[in-house]
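These protein sequences, in sequence, are chains A and B.
Our numbering numbers the first residue of the first sequence as 1 and each following residue consecutively.
Our numbering numbers the first residue of the second sequence as 486 and each following residue consecutively.
Please note: incorrect hints may appear among the correct ones.
Counterexamples of contact, computed for chain B against chain A with all Cβ distances above 10 Å [what the hints assert, rightly or not]:
(1) Arg526
(2) Ala608
(3) Gly610
(4) Arg620
(5) Asp718
(6) Thr720
(7) Asp744
(8) Glu815
(9) Gly822
(10) Tyr892
Pairs of lysine-lysine, DSSO-like flavour, derived with a Cα cap of 27 Å [what the hints assert, rightly or not]:
(11) Lys508/B - Lys850/B
(12) Lys749/B - Lys728/B
(13) Lys232/A - Lys214/A
(14) Lys123/A - Lys271/A
(15) Lys222/A - Lys810/B
(16) Lys21/A - Lys113/A
(17) Lys271/A - Lys137/A
(18) Lys78/A - Lys850/B
(19) Lys759/B - Lys749/B
(20) Lys271/A - Lys810/B
(21) Lys137/A - Lys810/B
Computed footprint of chain A on chain B; a stretch qualifies when at least three of its residues, placed anywhere within it, have a C-beta under 8 Å from a C-beta of chain A [claimed, not checked]:
(22) 672-680
(23) 696-710
Worth flagging that the hints you see were computed from the coordinates, not collected in a lab.
Quick caveat: nothing in here was measured; it's all calculated off a predicted structure.
All residues carry an ideal CB built from backbone N, CA and C; glycine is no exception.
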Amino acid sequence: MPLDDYEPVIGLEVHTQLDTKSKIFCSCSTRFGCEPNQNTCPTCMGMPGSLPVLNEEALRLGIKVGLALNCKISERLKFDRKNYFYPDLPKAYQISQFDMPVNGPGWLMIELKGADGGLVERKIRVHRAHLEEDAGKLLHEGIEGASLVDFNRAGVPLLEIVSEPDLRSPEEAYAYLTALKAILQYLEVSDCNMEEGSLRCDANVSIRKKGETKLGTKAEVKNLNSFKAVQKAIQYEIERQAAMLDNGERVVQETRLWNDDKGQTFLMRSKEEAHDYRYFPEPDLVPFTLSAETVEAIRKTLPELPAARAARLAKNYGLSAYDAAVLVQEKPLANYFEDCLKSKANPKMVSNWIQSELLALLNLNKLTIENSPVKAEALAGLIALIENNTINGKIAKDVLPLMFETGKPAGEIVKEKGWVQVTDTKFIEEIADGVIEANPKSVTDFRAGKNQALGFLVGQVMKASQGKANPKLANEILVKKLQPQ
Amino acid sequence: MHQLTLKQALEEVRKDGGSALIKALSARVSSLNPKLNAFLRFDPAVSVVRGEGKGPLQGLPISIKDNICIQGLETTCASKILKGHRPPYNATAVERLKNAGAVIFGQCNMDEFAFGSSCETSAYGVCRNPWDTERVPGGSSGGSAAAVASDMTLAALGSDTGGSIRQPAAFCGVVGLKPTYGRVSRYGLIAFGSSFDQIGPITKTVEDAALLMNVLAGHDEKDSTASSEPVPDYTKSLVRDVKGLRIGLPQEYFVEGMDPEVEKSVRQAAEVFKKLGAEIKSVSLPNTSQAVAVYYIVAVAEASSNLGRFDGVRFGIRASEQSLKDLYFETRDEGFGAEAKRRILLGTFVLSAGYYDAYYRQGQKVRTLIRDDFSRAFKDVDVILSATAPTPPFKIGEKLSDPLAMYLSDILTIPANLAGVPAMSLPCGFTSSGLPVGMQLMARPFDEPALFRAAYAFEQETQVYKKKPKL
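Chain A on its own, in the form it takes in the complex (with noise of 0.2 Å):
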């Protein structure tokens, strides 16, 4: 059967680190990079004796994403107990929401290009976001024959956002991501940094023929440490599960590995093997109420997000709701944007020359749009200086990379380069008399009204001009001259 006869059905856990300055329940500091076992005390190491207290700021940001994720917060809460040994789980239970999580169902909206180019919105249900606490790592390089533990990770506040099986497809899932990891920046809760490990994500990716209602038996994949890993894990398995379906097999439920230098999954442990994790309630943790007056003033606190943003800046700025999309999903780049607008910039040129010149210079040079070297006021500036006629738009995308490099304005560059647009006439005409003399055929081709010769005279002054001729100015002078007389 053709791969497009079945339909991929995929959900996604995605494990987020709150960005609070000590554990989720001892003080100990969250600092990432320092030395092994640094961050520890007798809480967070399980040492006997020893008990868990709630740290209020984790609970405040996660409450604040679900919110964000139009979850339903729960009243009551109360943690539970995942029992199961691993030498990084300092107590053997990790201390996580079982069937009473902090948020409860929501949704996120999604973006999707749509068959027209235009974008198409699709709702991903939230099934519910909960408060855990992280293991510590596994060190296995360095003593021949052992492994080391470092438990500074053991205790970091993780927020486990879990989605319905809405998503169809790897671009959703991709898509999915992004949304949240904007919407997560936008709130200050967490760095997203999936090299840090503040970001990871499983998928949960299954397949049934178009038409079916009843799911098919899932894979879990694990491991994914980008959002391309995602994506190319998920179309990893819906290919291999559509090969095994074809084949006649039976697609079992299992847990598997992805390996990004491969490209492929791999088992980690079948249904059989799958772990009891005892849970039940956590006897140190007192169930507690949260008032709706709480609940309230964390709402308060939310800042605009970025679907509000994205749909104010298309009204404001008259930008189609693909650009302001595009600029809203980093929430830096949207800020980089609307500084530039400080400078009375034209909005619309502001989008364009982020979208198209200035992120793929800092793409070449693996750079951030926090880092970048044209700051949002001189990109104003060069904008500014097509706005006023100074330069034309083709001398611009030569100034740009620059003032990328040098870090000098706009203006500085062009002036030493020589490089202001000429607006003098007479100049314009004594270059197009000898672009009409030069080139007879095109003259008579344009007077035999073939206008796609006046664009290529248009370019011979332009051309001539060092690229310095106003291009309109060009243009008329030479439509002037070629009337017949």
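Position chain B against the provided structure of chain A, taking the given hints into account.
What follows is chain B alone, placed relative to chain A:
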């Protein structure tokens, strides 16, 4: 000098800073402990250095059950698995004693991880009852109770999950108080059943228990189950007046198989209260018969989880195995004794998928019913009176091979832990063969003052506490 109560010793210490007292007690430990094995570790040098703070317990030696963490001193829960473990911090209770000026005076024997009612499951040898060394001192705080009863120490801390302070106090003829759940911080108490465990005092007199509670009770920001309810001055309840106090006798607590001498002692105690002006009423706690079963479901479920951390990775002993799985298996096989293994298996079973609803969830529901029984009863009475244990101390080895018979020795103490209410055991008499009998008083949550008032009146009236074991 070793026979002093805490209160009397306070005066003694004022004279010379307490060095004579500590010397006398140390000598007594040296001569008696080999016989009783009440102390697991005792180092007078260490003890004397401690206790620098100035406070209400200045210079007074207090012994600590071996499941309460003392910074830098080996703390093992009487288990092989924690051999050599030196906690890097003090339990809050220890910290408070030290701040009050107390001298930490040795660590007491106990049932391994507090699993037992006889002090026979200690990995470091059984502890013996000072009244009859062929008999058990009760458990699991048997070491603490025996040390106090034999005048080797002035007072001790115990911990009580299902009766582990009260039952050994009864068996050894001393006073033991299990405070309201949350009244004393559990921080640093190596957990058995987290929703049941409480640290409490084991003392020679009711007054001494009040003195210790004044220091131990109160909120602790390190323990979110520790209550922030204000702490009264418990010594103010020592008024020797029970006029108008309503005391309930729960009909379900006078169970079949109860020792007739124990029952007689408790009924006589009720008569004493009546004579002193208290009102004696019959009350009913209808779900009592379920208590032991529920306790051995919920408490062992918590215990199985609490003991997961003893895996050989970070502290205690570690088997010299190469693979991770073998490391876990061998460390835990070598490190835990039979009773610990039994409870871990039982707890793992009742929590496992497919059995959770039938056992753990059901157990929690019955726990609520038992709690409701107490709320109802405390509408009619202020204090509930019963025996502490259904029998006097039994012989060493008598119940060891029959876990169910052993579990039943906590039948009268377990309900207070299930309900979280405060309960005290104090001596109320002796059997014809000279073994101590303890009675139990229970009160509303945080109404320890009612317990002190009733217990003090009884103690002062009868003076039972003055009788000492012949050693």
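Notebook entry, point to check: So which hints don't hold here, by number, going up?
Noted result: Checked against the structure, the hints that fail are numbers 11, 14 and 16, while the rest are satisfied.
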